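> Protein sequences appear in the order of chains A and B. Under the working numbering, the letters of the first sequence match residues 1 to 351, in that order. Under the working numbering, the letters of the second sequence match residues 1 to 745, in that order.
Hint data in this document are derived by calculation from the structure and do not stem from the laboratory. Just so you know, these numbers come straight off a predicted model, no measurement behind them. Take the hints with a grain of salt, since some may be wrong.
Calculated cross-link-like contacts (lysine to aspartate or glutamate; reagent style DMTMM-like; alpha-carbon spacing at most 20 Å) [what the hints assert, rightly or not]:
id, chain 1, residue 1, chain 2, residue 2
1, B, Lys91, B, Asp319
2, A, Lys38, B, Glu123
3, A, Lys38, A, Glu5
4, A, Lys38, B, Glu120
5, B, Lys732, A, Glu313
6, B, Lys743, A, Asp235
7, A, Lys38, B, Asp133
8, B, Lys732, A, Asp235
9, B, Lys398, B, Asp595
10, B, Lys81, B, Asp204
Residues per chain, in single letters:
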Amino acid sequence: MIPFEYVRATDVAGAVAAGAAPGAAYLAAGTNLLDLMKGGVARPTRLVDITRLPGLAAVERRDDGGVRIGALARNSDLAHDPAFAEAYPAVAEALLSGASAQLRNAATAAGNVMQRTRCAYFTDPGSACNKRRPGSGCDAIGGETRLHAILGWSEACIATHPSDFCVPLVALDAGVEIAGPAGTRLVPLESFHRLPGTTPERETVLEPGELITALVLPPEAAAFAGHSRYLKVRDRTSYAFAVVSAAAALRLEGGRIAEARLALGGVALKPWRSRDAEGLLAGRAPDAAAFREAADAALAGARPSGDNAFKIELSRRLAVRALTAAAAGTPARLPALPGSVLAPAPEAAHV
Amino acid sequence: MSETALRPIRHGSNLGQPLTRRDGILKVTGAAPYAADRHPPGMLYAVMAVSRIARGRVTRLDVAAAQGHPGVVAVMTPQNKPALAQHPDEKHDGFTFRLDLLQDDRVRYANQPVAVVIAETLEAATEGAALLDPAYEVEAPAVGLDGAEPYTPEAIGVGDPADMATGDVAAGLAAAARTVAATYETPAQYHNAMEPHAVVATWDGDRLDLDMPSQGLAMAQARIAGLFGIPPANIHIRSPFLGGGFGSKGMIAGPQVLGIMAARLVGRPVKLVMSRPQMFGPVGHRAPTRQTLRLGAAEDGGLTALDHETLTATSTFDDFVEPSGGVSHTLYAAPALATRHRAVRLDTGTPLFMRAPGEASGSAALEAAIDEMAEACGMDPLDFRLRNYAETEPASGKPFSSKALRACYAQGAAAFGWSKRPLAPRQMRNADGLLVGWGVGTATFPALMFQAEAVAVVRATGAASVAIGAIDMGQGAWTALAQIAAEELGLPIDAIDFRIGSSDLPNGGIAGGSAHTATAGTAIKAAATDAIAQLTALATQDQRSPLYGAGNAGVIARDGRLVRRDDETRSESFADILTRAGKDAVEGKGAAGPDAAREHYAMHAHGAVFAEVTVDPDLGQIRATRLVGAFAAGRIINPRLVRSQYYGGMIWGVSFALHEQAVMDPRTGRPMNANFAEYHVPVNADVPSLEAILVEEEDPHVNPLGIKGVGEIGVTGSAGAIVNAIWHATGKRVRTLPVTLDKLL
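This is chain A alone, in the form it adopts within the complex (with noise of 0.2 Å):
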């Protein structure tokens, strides 16, 4: 057996006490964490069990108007709540174009933020990642490129973030609800997620013991339910990590853009929002040139970290296209086949 100690946590505070440790992972469906484990990438020496801790499995309505995920609600749980889906049809669209359904109802909503890249070099214990080993380098960069990042990649390591979810959410300001030694803080699912920079090995805001216990969407998130979308484009139907997401959601007054809100999947290390591109479209009508426009906004930074820059000119394309879909409203039923490019009509009963 591989050596590892497994502590079933009863409460968040036990939880929190016991994942401390060095070397301790909380372990939730386990659906990306056991496969890294079986695979020799992933090493812990204690799994702390959260899927007992009381209360976390809730989707609840608060009286603000917002909503606060529970971290161990599943994904497909999730994405099948009416209420939730009608308030945030992208979220629900991107919870259902992810992984398959047997997948979606084991995962859980911070499992799902928590998950870790998919590149192959951080996933094959024989290559050199420095995300995997500090300072072992990167053998990503002169490999097998094709779905690395084109935003805020550095030399120390391109490789993208695989959530669908997280897209919409990061769009819509959520905010991560996390409990740790220290008390209870509340980060920004946008700054949540670090850049790679000189130290790849650090994922995230967290720091050791830390643990996620709610995912919360604000009041003003609901606002943008008659005009959000997220597409994913892939390399086959269905089950498939995507090779470029957008997630677009627009609050129009008058005909014009109130406020537009968009971010885009599988380009970076994190899910990347658009400030720039969401300031662009501002006041506009929302028209094919204001779309483009705030395309190219979103991709001025972009450049290929391989064999990749068609990821660039995609993503622009995407973010037209669902910045285009969002303007023409939501439908009124989630599509056949979630955030596919290929079937968006609703009523395409056949999948």
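Chain B: place on chain A using the hints.
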């Protein structure tokens, strides 16, 4: 074997009936035993440590660390492995492939086994293998088709010549009104059956008991016998079910032999099951190809020349050369025809037969080139194929034993609605504004026959049994072969004790080459015919029988009785015939193999595949939305199972065109997507609509049953049809497979 008892569920019984899979309930309830389900008493678990480099030497293994891990029983390395009677690199014939059995410290490809850890639990063996932490002396590997100097192989496939020519290609091209020259590339693909290679091995002195998936029991037996220096009869292999083989289980694989060696080393039963990432190396793959086709056509669209050159790869230490040019020998009536194969030696595992070896990759290129020539001629691609329809086999000049390809084209086109296809590309859009395209490809696969034997026994109790070491690898042998037995013995299918999947039965040959139903079925037919002939002799020569004097040709077997053809009121049961004769049973023996008719006829199954694709014009994402295949493959034993084979083949074509490829790091030669999340095959949403049309075809020459085989043909034609449909949708010819969205931007 009680656990393989089949439930008596059926719809109809004999030839041509769409019986449901007799092993279906066992499979969907998990009761069907696969090799890895076995746990003999005292069994240990073996896990391979595999190489992380593609070329070099292992300089150190931390055996002490592995050995010291709790639960580890032994570590098998080149130093302490059991002695073998034959060197694993010895070759005896075209079907013997060199194996990596810890013979030395050399590393010849990534994921090559370098040691085996044997432990009380799978977890201990897994951790022990990790603790070995090999150190290497790394040498620069040869990677990719440009990674080494091409050579001319002695043979391609299983013994065909590398080069073939008929007519004057240069003159044909020079005389052509139009020419097309194009180069197509197909990537390395790995079989990856759902069930990975596995073995559970138990030694008893020099007798060996194995649970092991195998597509060819007698060949596996012979190979193991040679390696361990024991008689083949000492080896018992059970292989009642395979979770897919696709060619990778045709020959025993090195890791399976390592499991047997591990059992010998520790003197206890051992189970070894490969992990998914380990499947990308020691158990075969389809090599990458680069195929250049040059076509010439006259003003009227008739081909004047076809030249098909293939560059592919084999390993540094063994030879299997993907015979991609073979399809060009058969399909189109070019008066001048040439094919050439060259290969490079790369630091990979040895390539192997992978579903339609040669035909799949070759068809993908040929069908695309034919489409390009049709475009150059301004012709509908189906009309162009009909204009160049081969009435005799172009390469050999032989007549076809049968060929209903015209009917395939016609029936497929009608079902698909091909006549509404606009000639020019980029003319069709769906309601969402996405580009739609239609393409066609011709399917072909040779109708082969191998050697097999069978025994059919009819007893005085009324019971009957049929035994043959045939293999059900998912294609439905438990059902289709039993239908043949029932037909020929004149018994209800459930009245026969039908046995396959074990090496102590008569040699059933290899389940490969799409020839298993034809081969094993013919042997069963012969054995049953022999048994019935013996019963007939007993009855018709006995004055006490109501059949006395009927003569051998004058009776037929039906419902457990012999019935006079000219007088159905005169009949006698098998049991009565045997009882009166004082016999317990008659035993019929039968054999099958290729016969002399093969000298005179070209024997192939054919088909036509029509594909519709949808492509996003801005984002490039592609979906094959509709496939219609019409196939003529001689007599169909079970249309339900055959349709499943065609569906599976066509889905494989989707995979070939759009998804599958092993991504090798160009610097290290290591597969970087060795898992099912990143090595893509189609999921359900990639295959929305499939139709398979079974076109009638009667073949009097191919074998006594008239069967041509259906397992592989569905792959051919399909990939080309999809790629051609992508051109029709977008106007872009993508010549490097798979067609991924970035290639359309």
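> Confirm or reject each hint.
Results of checking the hints against the structure:
A distance of roughly 11 Å separates the Cα atoms of Lys91 of chain B and Asp319 of chain B; the hinted pair therefore holds under the 20 Å criterion. Restraint check: the Cα-Cα separation between Lys38 of chain A and Glu123 of chain B comes to about 10 Å, which is no more than 20 Å; the hinted pair holds. Taking the CA atoms of Lys38 of chain A and Glu5 of chain A, the gap is about 16 Å. The hint holds against a cut of 20 Å. Taking the CA atoms of Lys38 of chain A and Glu120 of chain B, the gap is about 18 Å. The hint holds against a cut of 20 Å.
With a C-alpha separation of about 18 Å, the suggested pair Lys732 of chain B and Glu313 of chain A falls inside the 20 Å cut-off, and the hint holds. Simply put, Lys743 of chain B and Asp235 of chain A have alpha-carbon atoms about 12 Å apart, close enough for the 20 Å limit, and the pair holds. For the hint linking Lys38 of chain A to Asp133 of chain B, the alpha-carbon distance of about 16 Å falls within 20 Å, and the restraint holds. For the hint pairing Lys732 of chain B with Asp235 of chain A, the CA-to-CA distance comes to about 18 Å; that is within 20 Å, so the pair holds.
The straight-line distance between the Cα atoms of Lys398 of chain B and Asp595 of chain B is roughly 16 Å, inside the 20 Å bound, and the hint therefore holds. Between Lys81 of chain B and Asp204 of chain B, the direct Cα distance comes to roughly 18 Å. Compliance with the 20 Å bound is thereby established for this hinted pair.
The earlier numbered hints are all upheld by this structure, with none contradicted.
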